[in-house]
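Trainee: Chain by chain, the residues run as shown.
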Amino acid sequence: MTYQIELDRVEKHYGRFHALKEISLAIPKGQFVALVGPSGCGKSTLLRSIAGLERITSGTLRIAGEPVNDLPPRKRDLAMVFQSYALYPHMSVRDNLTYALRLKGVSRAERARRAEEVAAVIGLETLLDRRPRELSGGQRQRVAMGRAIIRQPRAFLFDEPLSNLDAALRVRMRKEVRALHDRIGATSVYVTHDQIEAMTMADHVVVLQAGRIEQQGTPMALYDRPANRFVAGFIGSPAMNFMPGVIAGDGRAVRLALPGNPVLETAIAGTPGLEVEVGIRPEHMVLGPLDAPHAVPLVVSAVETTGAASYLFTEGEPELIVTTEGTAAIRADDTIGVSIDPARVHLFEPETGASLRSAKL
Amino acid sequence: MTRILRSLRDGIGFDVMLVIIALSYLLVFAGLPLIYNVIISFQTVDVFSLGTLWHPNAGFDNYRAIFDDPLAGRVLWQTIVFTLGSVALQFTLGFALALFFHQNFTGATWIRGLFLAAWVMPGLVVGVLWNWLLSGDFGVINHLLESFGLIEDPVFWRSNVETSLYAVLIANIWYGTPFNMILLAVGLAAIPGDLYEAAELDGANAFQRFWTITLPMMRATIGAVLALGIIFTLQQFDLFAAITQGGPAGSSTVAQYWSWQLSFREFDFGRGAVISVLMIIVVLFVSLIYVRSTKAETQL
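Chains as they are written, first to last, in full-length UniProt numbering: chain A, 1 to 361; chain B, 1 to 300.
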């Protein structure tokens with residue numbers, strides 16, 4: 001199968017700085033892929049390398065099966081939406097939209113027709129004669145999107161396009177961008193530092209750290225089966241709780257360094273006596289009566305509530321977060337009983353951070 | 001009294017004071033001389049009446065004398081050639097250099113800084129320098145042209161009526177190019193880099209990016225640079241004084257030099273003033289373009 005975008009062991013060096021390390025990634029036509037990671041992880045460099053704005057040092061980059069390592073950006077037939085939008089300030093919205101068509105020599109009538117068509121799609125029909133400086137942030141964002149879709153390119157590249165918008169608009173645009181992608185059957189690569197954006201929008205999420213792909217897969221695969229401690233901590237909100245533990249019994253149980261040293265029967269096999277790092281998501285720690293079997297007594301240090309859910313922060317080291325639905329009648333200094341679903345426990349090797357489950361599989 | 005003092009310290013009084021200082025400076029050192037210059041262009045002023053504040057009225061006699069002067073047409077033509085030639089070439093070379101150093105190769109900023117050396121030199125020194133370079137018998141330029149076989153006999157640049165204006169023109173282009181380069185480089189640096197990246201992805205080649213992004217985005221800067229270039233060229237005096245003294249036979253006399261010759265060589269201050277009045281009108285018009293350009297700059 002030929003992929004729309006395919007990277008094969010791509011490397012990028014800036015002098016002595018190794019920005020991208022052995023990146024292999026295959027994106028089928030029509031897929032929405034999110035590149036996510038903390039700042040400086042190389043996600044933008046990767047996107048700019050696909051665009052051709054950066055030259056890759058080695059490896060192969062193919063677009064629709066054709067190697068494009070040596071093609072300049074203008075010959076790659078990709079459209080990019082920039083974080084700053086990069087609208088041409090001296091042109092009207094209409095001219096911004098049709099700039100690429102004008103360069104291609106599309107006739108004036110055809111350009112006008114396509115501009116109207118795209119303006120209708122992005123909801124900017126009445127603003128075609130404005131200059132970018134006369135538009136609001138959200139409208140500029142739409143123009144940037146329109147400028148990309150009018151060209152019907154082979155793929156869309158998004159570089160944190162929503163990060164300059166306010167929170168409410170960002171949530172709305174999230175849905176709109178994804179709907180647009182589906183409607184025009186596009187192939188999209190979307191860079192973001194916001195894992196919620198990546199999880200909610202993408203079919204396929206690529207987690208990067210320090211220039212390396214830590215894990216890639218569907219959002220739920222990353223959530224349910226993180227390959228290592230980094231991915232486990234990065235995906236999910238609030239972040240996963242980590243605590244030390246020791247493999248106990250016949251290797252199918254783990255003893256947690258929590259009050260009462262509870263032992264959980266897990267489905268993961270390990271060497272008894274091995275020290276591990278145990279990860280449990282806040283939403284998988286269930287609030288229950290203190291005297292329930294296996295309930296861990298924890299003292300609450302602070303409560304944050306969003307209305308729909310409450311986050312209980314516990315005292316002691318390490319600090320844990322427990323999520324409960326709705327507004328809990330729990331205050332700081334209360335003691336709560338928490339039971340842990342053994343099936344949702346993750347174990348990591350302390351040194352490498354690799355998941356024990358994936359090591360055995 | 002304390003109210004005025006407090007206003008000076010914390011309030012609007014300080015702003016008003018700054019404006020008053022600047023305005024009084026302008027009025028005393030620019031406004032009054034300018035008005036006085038217009039007045040004496042309508043008077044008969046010679047060495048004998050120079051000491052008095054008020055001189056005999058001359059009506060439009062000075063203006064008539066200037067327009068009837070056989071030199072007038074040539075001076076006008078030479079001024080136009082000198083000004084347009086200087087501005088066009090200073091601008092073109094300055095823009096080319098600014099684009100070149102915008103490529104950000106190693107040492108670009110340093111070398112660009114070195115170019116300013118020409119601009120910080122006093123005009124008279126530049127004039128003397130070019131006297132040597134352009135000299136007929138031992139000048140480097142003649143030597144180079146001869147070694148490349150472009151000329152057979154030495155050209156006496158400064159004393160030939162055909163070339164004297166161009167001798168000063170060449171020196172002035174060299175003198176003014178760095179200034180153009182720096183202003184244009186600032187304009188180039190102000191264009192966000194992602195516009196070029198967006199244009200590149202939209203399919204624009206280097207030439208198209210220059211025409212559709214660089215030039216339109218630089219419109220305000222270009223207007224300002226051209227206007228300043230015209231004004232500075234009309235002020236250029238040192239190079240003429242050092243290289244040709246307007247000669248031979250007036251072949252390199254431009255308006256500003258003629259004005260000086262009339263006033264301070266022939267001591268006919270009335271006629272000298274006429275030329276400066278005419279030049280002020282031109283400069284005022286160019287200044288309007290400058291002001292409009294800088295206004296457009298703030299809007300973008």
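By construction, these hints were calculated from the structure, which means they are not laboratory data. Each hint should be verified, as a subset may be incorrect.
One-sided excerpt, in silico: chain A residues whose CB lies under 10 Å from chain B [as the list claims (entries may be wrong)]: (1) 52; (2) 153; (3) 223; (4) 305.
Lysine to aspartate or glutamate pairs mimicking DMTMM-like chemistry, simulated, CA-CA at most 25 Å apart [what the hints assert, rightly or not]: (5) 295/B / 95/A; (6) 21/A / 11/A; (7) 21/A / 349/A; (8) 75/A / 146/B; (9) 295/B / 134/A; (10) 75/A / 15/B; (11) 29/A / 11/A; (12) 29/A / 265/A; (13) 175/A / 110/A; (14) 104/A / 153/B; (15) 75/A / 11/A; (16) 29/A / 95/A; (17) 104/A / 197/B; (18) 295/B / 129/A; (19) 175/A / 160/A.
For each label pair, taking beta carbons as the anchor points, the in silico distance ranges come out as [to be verified]: (20) 172/A / 11/B: 44 to 50 Å; (21) 325/A / 102/B: 55 to 61 Å; (22) 284/B / 106/A: 34 to 40 Å; (23) 125/B / 16/A: 57 to 63 Å.
On a predicted model such as this, the values are computed, not experimentally measured, just so you know. For glycine and all other residues, C-beta sits at the position ideal for the given N, C-alpha and C.
Trainee: Tell me if the straight-line CA distance from residue 104/A to residue 153/B falls inside 25 Å.
Mentor: violated (55 Å)
Trainee: Is the Cα-Cα distance between residue 21/A and residue 11/A 25 Å or less?
Mentor: holds (5 Å)
Trainee: Residue 104/A and residue 197/B were given as a pair; does the straight-line alpha-carbon distance stay at or below 25 Å?
Mentor: Distance of about 17 Å is within 25 Å: holds.
Trainee: Mind checking the alpha carbons of residue 175/A and residue 110/A for me, to see if they're no more than 25 Å apart?
Mentor: The hint is violated at about 30 Å.
Trainee: Starting from the range 34 to 40 Å, see whether the pair residue 284/B and residue 106/A falls in it by beta-carbon distance.
Mentor: Cβ of residue 284/B to Cβ of residue 106/A: about 46 Å, so the range 34 to 40 Å is violated.
Trainee: Given the hint that residue 75/A pairs with residue 15/B, does the C-alpha gap stay at or below 25 Å?
Mentor: violated (56 Å)
Trainee: Regarding residue 125/B and residue 16/A, is the given constraint of 57 to 63 Å on their beta-carbon distance met?
Mentor: violated (47 Å)
Trainee: Please verify whether residue 29/A and residue 95/A have alpha carbons no more than 25 Å apart.
Mentor: violated (29 Å)
Trainee: Next pair to validate is residue 295/B with residue 134/A; report whether the Cα-Cα distance is within 25 Å.
Mentor: Cα-Cα ~18 Å, so holds.
Trainee: Against the 25 Å threshold, does the CA-CA distance of residue 175/A and residue 160/A hold or violate the hint?
Mentor: It holds: about 15 Å lies between the C-alpha atoms, which stays within 25 Å.
Trainee: Under 10 Å is the threshold here; is the Cβ of residue 52/A close enough to any Cβ of chain B for the hint to stand?
Mentor: holds (8 Å)
Trainee: Can you confirm whether the C-alpha distance between residue 75/A and residue 146/B stays at or below 25 Å?
Mentor: violated (49 Å)
Going through the hint list in order, the structure does not satisfy hints 3, 4, 8, 10, 12, 13, 14, 16, 22, 23.
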